[in-house]
Amino acid sequence: MVLYRLIFIFMPVVIYMAFMWAPPAAILGDASRILYFHVPVAWVSVVAFIVSGVQSILFLVTENRRREREYMAYNSAAAGMVFTILTVITGSIWAKLSWGSYWNWDPRETSIVVLMLIYIAYLSLYSSLKEHPNRGGISSVYLIIAMITMPFFIFIIPRIYSSLHPDTIINQEGKIHLEPAMRITLFSSIVTFTLLYGYIYRLMNRISRLEIKAEEKHYDI
Amino acid sequence: MTSNPLMTLMAVVMIIWFGLALFLYRLDRKVSKIEGVIHEP
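Protein chains in written order, with the numbering used here: chain A, 9 to 229; chain B, 5 to 45.
Looking at chain A on its own, in the form it has when it is part of the complex:
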């Protein structure tokens, strides 16, 4: 799809905006530029996990295209896992720059690690059920439960306990505390990273479809 191919143009523009166009933040200075990568990858991991949960619901409630739904749910969870790891890495670098240590067991850091473990368990479960006749059903139920727990780990737990983490974009006041140039850069980056996820996800689904076609034709893969 042409829309997803826009990332080849958008991403270099966003990288330029993040490093050269957007002004440095008042206290953090140039270190704050990691915001334009950390927030979008965190956003994409949430989107990916929601997509995998929705595909799992569709797998359970619809009769048609079940095999397709199964691998679409898996692919989105796998992509979300990669983006979660990137969120942890970028967050850790940012923590070192602003708090002086890569890891502080801050509520937000801890909650993202627990969420990551939940999805690692899903990936293990899915691969261990390879020969099971109800692999899709079991893994779909797990993914739906995982999706339900996600808002607690991302939005609720870090708000209950006091955290060093700055106010999130979706905060209690409903205001974004950023200068216009920073806001434009951040939202451009969020859109671009969402497109990147879409591109990778689509590519993964096409490869899975080919695998199934090859299986049907009895190719040894």
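Please keep in mind that the hints were generated in silico from the structure rather than gathered at the bench. Careful, some of the hints might be misleading.
Okay, derived cross-link-like pairs now, DSS-like style, lysine-lysine, Cα gap no bigger than 27 Å in a straight line [claimed, not checked]: (1) B:Lys37 / A:Lys221; (2) A:Lys225 / B:Lys34; (3) B:Lys34 / A:Lys221; (4) B:Lys37 / A:Lys225; (5) A:Lys221 / A:Lys104.
A few chain A positions that, by computed beta-carbon distances, are all more than 12 Å from chain B [unchecked claim]: (6) Met28; (7) Val69; (8) Arg167; (9) Ala189.
Chain A regions said to be covered by chain B (calculated; three or more residues, Cβ under 8 Å) [as the list claims (entries may be wrong)]: (10) 9 to 21; (11) 207 to 216.
Just so it is clear, CB atoms sit at the ideal spot from N, CA and C, and this is done for glycine as well.
Given chain A's structure and the hints, the job is docking chain B onto it.
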């Protein structure tokens, strides 16, 4: 090499992105080619 560390960092990020973009583009083309073969009657 430039003396501005921000420029250097941007150049590194750009190189990583172009590497990833090239990989994705080539993978996309390969998948399209295989799809063409498989969907042929």
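Consistency of the hints with the structure:
no. : hint                : result
1   : B:Lys37 / A:Lys221  : holds, 14 Å
2   : A:Lys225 / B:Lys34  : holds, 20 Å
3   : B:Lys34 / A:Lys221  : holds, 16 Å
4   : B:Lys37 / A:Lys225  : holds, 18 Å
5   : A:Lys221 / A:Lys104 : violated, 48 Å
6   : Met28               : violated, 7 Å
7   : Val69               : holds, 29 Å
8   : Arg167              : holds, 32 Å
9   : Ala189              : holds, 16 Å
10  : 9 to 21             : holds (count 4)
11  : 207 to 216          : holds (count 5)
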